[in-house]
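Protein chains in written order, with the working numbering: chain A, 29 to 285; chain B, 29 to 285; chain C, 137 to 455; chain D, 137 to 455.
Any given hint might turn out to be false.
Unchecked claim - So, partial list: chain C residues that the calculated Cβ filter (under 8 Å) puts toward chain B:
| # | residue |
| --- | --- |
| 1 | C184 |
| 2 | V249 |
| 3 | P255 |
| 4 | S260 |
| 5 | L266 |
| 6 | H269 |
| 7 | E304 |
| 8 | T305 |
FYI, nobody ran anything at the bench for these hints, they're computed from the structure.
Even for Gly, the Cβ is constructed at its ideal location relative to N, Cα and C.
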Amino acid sequence: MTAPRYTPAELLAVMGSRQLRDDTTVFAGVGVPLLAAVLAQHRHAPRLTLVIEGGIIAPRIEPGRLPISTNEMRAARHATMLPGITDTFLLAQRGFLDCGFIGGAQIDRHGNLNTSAIGRDYWKPTVRLPGSGGANDIVSLCKEVIVLTLHERRRFVETVDFVTSPGYLAGGDSRQQAGLLFGRVSRVVTTLGLFSFDPDDKRLRLDALHPGVTRDAVAAETGFEVLMAERVEATEPPAEDELSLLRAIDPERRFLA
Amino acid sequence: MTAPRYTPAELLAVMGSRQLRDDTTVFAGVGVPLLAAVLAQHRHAPRLTLVIEGGIIAPRIEPGRLPISTNEMRAARHATMLPGITDTFLLAQRGFLDCGFIGGAQIDRHGNLNTSAIGRDYWKPTVRLPGSGGANDIVSLCKEVIVLTLHERRRFVETVDFVTSPGYLAGGDSRQQAGLLFGRVSRVVTTLGLFSFDPDDKRLRLDALHPGVTRDAVAAETGFEVLMAERVEATEPPAEDELSLLRAIDPERRFLA
Amino acid sequence: MAGAAPWDFREARRRLETKPKSSGEKLSSVEDAALRVRDGDTVAAGGCLFSRTPMALVREILRQRRRRLTLVRNLMCTEGELMMVAGAVEKVVTAWMSIGLPWGVSKIMREHVESGRVPLEEWSHLALGLRFHAAAMGVPFLPTLTMLGSDLMGVGGTQTLRCPYTGETLALVPALFPDVALLHVHRADRFGNCQIDGYPHMDADIARAASTVLVTAEEIIPEAEVRRHPDRTAIPGFMVDAVAHAPFGSFPHECYGLYEADFDHFGEYVAAIDASGSRAVGDYLDRFVYGPATHAEYLERFGRERLARQAGRARELVG
Amino acid sequence: MAGAAPWDFREARRRLETKPKSSGEKLSSVEDAALRVRDGDTVAAGGCLFSRTPMALVREILRQRRRRLTLVRNLMCTEGELMMVAGAVEKVVTAWMSIGLPWGVSKIMREHVESGRVPLEEWSHLALGLRFHAAAMGVPFLPTLTMLGSDLMGVGGTQTLRCPYTGETLALVPALFPDVALLHVHRADRFGNCQIDGYPHMDADIARAASTVLVTAEEIIPEAEVRRHPDRTAIPGFMVDAVAHAPFGSFPHECYGLYEADFDHFGEYVAAIDASGSRAVGDYLDRFVYGPATHAEYLERFGRERLARQAGRARELVG
Numbered sequence: 029m030t031a032p033r034y035t036p037a038e039l040l041a042v043m044g045s046r047q048l049r050d051d052t053t054v055f056a057g058v059g060v061p062l063l064a065a066v067l068a069q070h071r072h073a074p075r076l077t078l079v080i081e082g083g084i085i086a087p088r089i090e091p092g093r094l095p096i097s098t099n100e101m102r103a104a105r106h107a108t109m110l111p112g113i114t115d116t117f118l119l120a121q122r123g124f125l126d127c128g129f130i131g132g133a134q135i136d137r138h139g140n141l142n143t144s145a146i147g148r149d150y151w152k153p154t155v156r157l158p159g160s161g162g163a164n165d166i167v168s169l170c171k172e173v174i175v176l177t178l179h180e181r182r183r184f185v186e187t188v189d190f191v192t193s194p195g196y197l198a199g200g201d202s203r204q205q206a207g208l209l210f211g212r213v214s215r216v217v218t219t220l221g222l223f224s225f226d227p228d229d230k231r232l233r234l235d236a237l238h239p240g241v242t243r244d245a246v247a248a249e250t251g252f253e254v255l256m257a258e259r260v261e262a263t264e265p266p267a268e269d270e271l272s273l274l275r276a277i278d279p280e281r282r283f284l285a
Numbered sequence: 029m030t031a032p033r034y035t036p037a038e039l040l041a042v043m044g045s046r047q048l049r050d051d052t053t054v055f056a057g058v059g060v061p062l063l064a065a066v067l068a069q070h071r072h073a074p075r076l077t078l079v080i081e082g083g084i085i086a087p088r089i090e091p092g093r094l095p096i097s098t099n100e101m102r103a104a105r106h107a108t109m110l111p112g113i114t115d116t117f118l119l120a121q122r123g124f125l126d127c128g129f130i131g132g133a134q135i136d137r138h139g140n141l142n143t144s145a146i147g148r149d150y151w152k153p154t155v156r157l158p159g160s161g162g163a164n165d166i167v168s169l170c171k172e173v174i175v176l177t178l179h180e181r182r183r184f185v186e187t188v189d190f191v192t193s194p195g196y197l198a199g200g201d202s203r204q205q206a207g208l209l210f211g212r213v214s215r216v217v218t219t220l221g222l223f224s225f226d227p228d229d230k231r232l233r234l235d236a237l238h239p240g241v242t243r244d245a246v247a248a249e250t251g252f253e254v255l256m257a258e259r260v261e262a263t264e265p266p267a268e269d270e271l272s273l274l275r276a277i278d279p280e281r282r283f284l285a
Numbered sequence: 137m138a139g140a141a142p143w144d145f146r147e148a149r150r151r152l153e154t155k156p157k158s159s160g161e162k163l164s165s166v167e168d169a170a171l172r173v174r175d176g177d178t179v180a181a182g183g184c185l186f187s188r189t190p191m192a193l194v195r196e197i198l199r200q201r202r203r204r205l206t207l208v209r210n211l212m213c214t215e216g217e218l219m220m221v222a223g224a225v226e227k228v229v230t231a232w233m234s235i236g237l238p239w240g241v242s243k244i245m246r247e248h249v250e251s252g253r254v255p256l257e258e259w260s261h262l263a264l265g266l267r268f269h270a271a272a273m274g275v276p277f278l279p280t281l282t283m284l285g286s287d288l289m290g291v292g293g294t295q296t297l298r299c300p301y302t303g304e305t306l307a308l309v310p311a312l313f314p315d316v317a318l319l320h321v322h323r324a325d326r327f328g329n330c331q332i333d334g335y336p337h338m339d340a341d342i343a344r345a346a347s348t349v350l351v352t353a354e355e356i357i358p359e360a361e362v363r364r365h366p367d368r369t370a371i372p373g374f375m376v377d378a379v380a381h382a383p384f385g386s387f388p389h390e391c392y393g394l395y396e397a398d399f400d401h402f403g404e405y406v407a408a409i410d411a412s413g414s415r416a417v418g419d420y421l422d423r424f425v426y427g428p429a430t431h432a433e434y435l436e437r438f439g440r441e442r443l444a445r446q447a448g449r450a451r452e453l454v455g
Numbered sequence: 137m138a139g140a141a142p143w144d145f146r147e148a149r150r151r152l153e154t155k156p157k158s159s160g161e162k163l164s165s166v167e168d169a170a171l172r173v174r175d176g177d178t179v180a181a182g183g184c185l186f187s188r189t190p191m192a193l194v195r196e197i198l199r200q201r202r203r204r205l206t207l208v209r210n211l212m213c214t215e216g217e218l219m220m221v222a223g224a225v226e227k228v229v230t231a232w233m234s235i236g237l238p239w240g241v242s243k244i245m246r247e248h249v250e251s252g253r254v255p256l257e258e259w260s261h262l263a264l265g266l267r268f269h270a271a272a273m274g275v276p277f278l279p280t281l282t283m284l285g286s287d288l289m290g291v292g293g294t295q296t297l298r299c300p301y302t303g304e305t306l307a308l309v310p311a312l313f314p315d316v317a318l319l320h321v322h323r324a325d326r327f328g329n330c331q332i333d334g335y336p337h338m339d340a341d342i343a344r345a346a347s348t349v350l351v352t353a354e355e356i357i358p359e360a361e362v363r364r365h366p367d368r369t370a371i372p373g374f375m376v377d378a379v380a381h382a383p384f385g386s387f388p389h390e391c392y393g394l395y396e397a398d399f400d401h402f403g404e405y406v407a408a409i410d411a412s413g414s415r416a417v418g419d420y421l422d423r424f425v426y427g428p429a430t431h432a433e434y435l436e437r438f439g440r441e442r443l444a445r446q447a448g449r450a451r452e453l454v455g
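Turn these sequences into a full structure, and let the hints steer you where they fit.
Written out as structure tokens, the structure is:
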């Protein structure tokens with residue numbers, strides 16, 4: 029058995045970067061999403077504008093000095109603009125931000141995300157998580173949202189205990205009924221494959237499997253039944269140039285390990 | 029008969045300046061109000077902060093180069109801050125601006141001001157005036173408001189055709205009933221005397237007469253009955269130092285003539 | 137506006153969503169930039185009164201003979217008068233219109249409004265600012281205490297609400313999403329990143345509120361210079377559709393720190409109106425708007441010395 | 137807060153009205169500034185996460201053994217953990233709390249919140265920003281589309297409204313008027329005029345929202361310098377109650393352009409917690425908070441070289 033050519037984080041970053049288009053604005057979280065966006069800029073989307081919630085527009089992330097948070101100088105390096113935080117989120121509410129690009133969380137079959145609390149009592153939770161941060165806003169307000177996450181059974185649950193960030197809520201048109209007129213979680217990119225939501229029920233649907241991954245593997249790591257696209261595609265494995273560009277961005281392997 | 033020692037505009041500026049207190053913020057209109065505020069700074073209120081609606085805080089107005097508008101460099105000279113216009117008015121809404129200090133207009137017995145339109149049809153007026161500008165906001169939002177105006181019968185009307193800026197509306201508590209929870213027109217300074225509003229009906233009331241002015245002169249120049257304070261005082265005439273300071277601020281007599 | 141109400145945040149957002157938000161090239165001529173304005177558009181102009189007015193763009197729009205515009209600007213000045221006399225506007229939305237205290241109430245405004253030819257929809261200065269701010273925020277209204285009780289409440293259709301948190305009466309001013317924003321700034325790079333010196337007026341909100349953003353800049357600077365002072369940027373490039381180099385682009389109005397408004401020019405302009413009414417503005421349009429084919433030709437009408445004098449006066453004031 | 141709801145704009149305005157808005161002297165020591173915080177106050181801290189946190193003020197408040205505070209900050213970091221372990225807070229209001237990705241979920245936060253000792257009232261980042269913005273504007277709420285449909289709607293009591301202009305459902309987030317704002321800025325003059333470089337975070341809104349504004353500044357500059365760059369001023373002097381000189385006043389957090397956050401220090405701090413839980417934070421408080429009598433003594437615990445290293449790293453990043 030040979031060693032895999034890439035780590036799970038590298039797979040996620042490459043598959044994530046392929047989702048991004050040129051001439052768009054991308055509201056990216058730190059860690060793998062930011063890496064993936066920078067990879068897209070280097071590879072196929074040179075006019076992609078990064079927006080970071082700390083109040084940062086179009087920074088030039090320095091390889092080897094990747095930001096740890098959305099509110100620090102490493103994330104702001106050579107930015108073209110540094111608006112206030114509220115102003116930055118309002119760009120999303122107004123419709124200026126094409127794609128929200130965020131990292132993992134507990135996610136359910138309708139794409140709802142929980143980063144707040146596990147347990148029945150919000151005020152005395154079994155496990156208290158850090159909280160929404162900007163995730164709720166990104167998922168509520170961007171034109172489309174791509175979630176990047178490790179695919180693990182403990183993350184993919186039938187129904188989250190607490191909806192921190194609204195996917196399709198109870199499915200159907202319940203998201204729109206709640207007043208979320210714009211945006212949607214369009215894509216979930218995991219370490220196993222690419223997913224979207226079926227147009228009617230808004231249930232998680234497998235669109236493509238990554239190299240070497242089976243439908244059974246997906247079922248085994250998912251706590252609910254996953255719908256299958258009419259034709260489940262196979263993704264192209266990470267190419268050499270993708271991996272080498274990516275590794276040049278994070279030579280310390282801070283997020284790629 | 030000797031020539032008067034001062035012009036009507038000088039009288040207004042001096043009497044206006046005496047109304048201002050130190051350690052306050054004053055939202056001042058250009059022309060005589062601004063002159064009066066600068067005089068107060070030079071004489072008895074050195075820590076008075078000027079705020080100008082163009083988005084200007086604490087400018088140092090240069091004698092002989094008085095601003096023509098609230099939106100120009102002469103009004104902004106050596107300011108400590110230049111916020112946006114909306115932000116500046118919001119300072120008043122939040123409660124940061126102690127005193128609105130504005131110039132003349134058509135005014136009625138309840139202190140309502142009209143700078144919009146004369147005639148019955150707003151959309152086809154007999155005389156179209158320039159409009160509210162910031163006057164409505166200043167009168168609605170500052171903690172107190174002082175109006176400086178020439179006292180002429182055509183300006184002092186029983187009821188204005190159009191309430192651009194709300195004084196006490198129909199009197200009594202109608203201003204508060206309309207939702208204007210804060211602020212009030214506390215003082216009207218004219219070329220004839222000092223006026224306020226009686227606590228119950230909120231009708232214009234004469235508090236003091238300027239030197240040489242009689243109650244009859246006030247009645248002759250006012251289009252409605254003016255209430256009299258229990259004791260109508262006499263104002264001190266403009267002092268030499270007030271006039272000389274004032275003339276040094278406007279040596280060209282742009283606003284003092 | 138295609139029939140949508142000015143506060144329709146859904147429609148305004150859909151228009152933005154269909155637009156590419158590119159960080160690519162935006163450099164244009166004033167002429168090509170102005171071609172993006174269409175008859176019937178609601179056009180919001182930045183700056184305030186005679187400060188940082190996008191005069192080069194206004195003149196070009198008049199040269200291109202646009203019609204049925206709704207012009208929105210908090211304090212309107214000569215640009216509004218020119219638009220009225222040229223027959224370019226069917227309505228103005230403002231808090232105040234004239235030139236300035238020394239020149240009295242605008243005769244041109246009175247003539248057009250009193251005759252009913254051009255309706256003037258009046259809002260308080262703050263209320264109109266909040267309308268842009270609401271639109272910039274992507275919401276249909278903002279609550280405020282201003283205008284309550286006044287007759288301005290009835291002019292533009294402001295609503296009131298009993299506050300669900302406090303029970304108090306609040307005014308709700310509706311958002312205003314213009315079709316086009318016209319802005320003049322100190323510096324921009326070729327990708328549309330804009331920086332403003334001095335008072336920012338409402339330009340940042342207006343840029344966020346509009347569907348199309350057209351900018352003239354005193355100076356086009358390299359992107360690297362923008363990135364050296366990112367905290368000076370007021371408008372990000374992805375918001376901008378076209379940016380044109382126009383030194384003295386606000387003239388005869390002022391641009392903070394760079395040139396003072398030409399009060400002598402205002403005086404001559406008003407004296408001519410006092411003498412012969414709106415015909416004087418027609419002559420003025422021929423001479424200063426329709427006559428010069430470009431912004432550069434327009435500036436030649438004044439000559440280098442006059443412009444240098446105004447620049448010197450600005451330097452004295454901000455020095 | 138004397139019993140008033142956090143969104144009571146009437147009460148908040150009355151408190152401001154009774155305060156002199158002076159352009160006079162505001163210079164103070166960190167110690168005297170912090171004395172204006174009273175037990176039971178709602179305290180909002182500026183900056184965000186480990187950026188421009190008013191750490192010198194936070195440490196002095198802990199030294200003065202304040203109790204029953206409600207701490208409000210959008211993204212909470214070590215300052216929140218110190219307040220929890222010191223027993224200074226009875227509640228936190230935030231969108232997120234931990235230190236940063238590499239250090240995982242805060243064990244201190246988990247311990248205090250899961251046990252019910254310190255309730256964590258969660259809002260989305262924007263919603264909390266809008267709460268400050270509403271307060272800065274002097275209104276009881278702002279409309280937004282964020283948080284709709286999520287379980288965050290039920291946590292802090294957000295209401296919904298059918299929009300009178302469009303008929304759509306909107307969330308109304310209530311204003312938040314803190315008793316005290318704690319801010320750290322790059323420059324201020326002795327009259328309290330404050331300037332910030334780099335990302336402004338929410339400090340300007342927080343200053344406008346609070347009844348009392350306490351500021352530390354990296355540098356105290358002459359008023360004349362403020363007046364040379366008035367367009368850099370974010371907070372006007374009349375808003376400020378006390379300003380204290382505190383170089384490295386955010387340390388071990390960062391201050392844009394001046395010093396990077398001390399990630400090694402965070403690492404040691406978290407390693408100690410991993411080893412011995414909140415007792416490690418107790419030791420940390422003794423060593424870095426209660427021990428040093430002044431901010432200067434605190435900085436001596438790190439030494440000039442360490443501070444110079446962090447300053448050098450910042451220069452590399454903004455150069």
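How the hints compare with the structure:
1. Interface hint status for C184(C): upheld, as the beta-carbon distance to the closest one in chain B is roughly 4 Å, under 8 Å.
2. Hint on V249(C) holds. Least Cβ distance to chain B is approximately 4 Å, under the 8 Å limit.
3. Residue-level restraint check for P255(C) holds (minimum Cβ-Cβ distance to chain B is 6 Å; threshold 8 Å).
4. Given hint, S260(C) at the interface with chain B, holds; its Cβ is 4 Å from that chain's nearest Cβ, closer than 8 Å.
5. For L266(C), the shortest C-beta to C-beta distance to chain B is roughly 7 Å, which falls under 8 Å, so the interface hint holds.
6. A cut of 8 Å between beta carbons decides the hint on H269(C): the least distance to chain B is about 6 Å, and the hint holds.
7. Hint status for E304(C): holds, given a least beta-carbon distance of 6 Å to chain B, under 8 Å.
8. Hint status for T305(C) relative to chain B: holds, with the closest Cβ pair at about 3 Å, below 8 Å.
Checked against the numbered hints given earlier, the structure satisfies every one of them.
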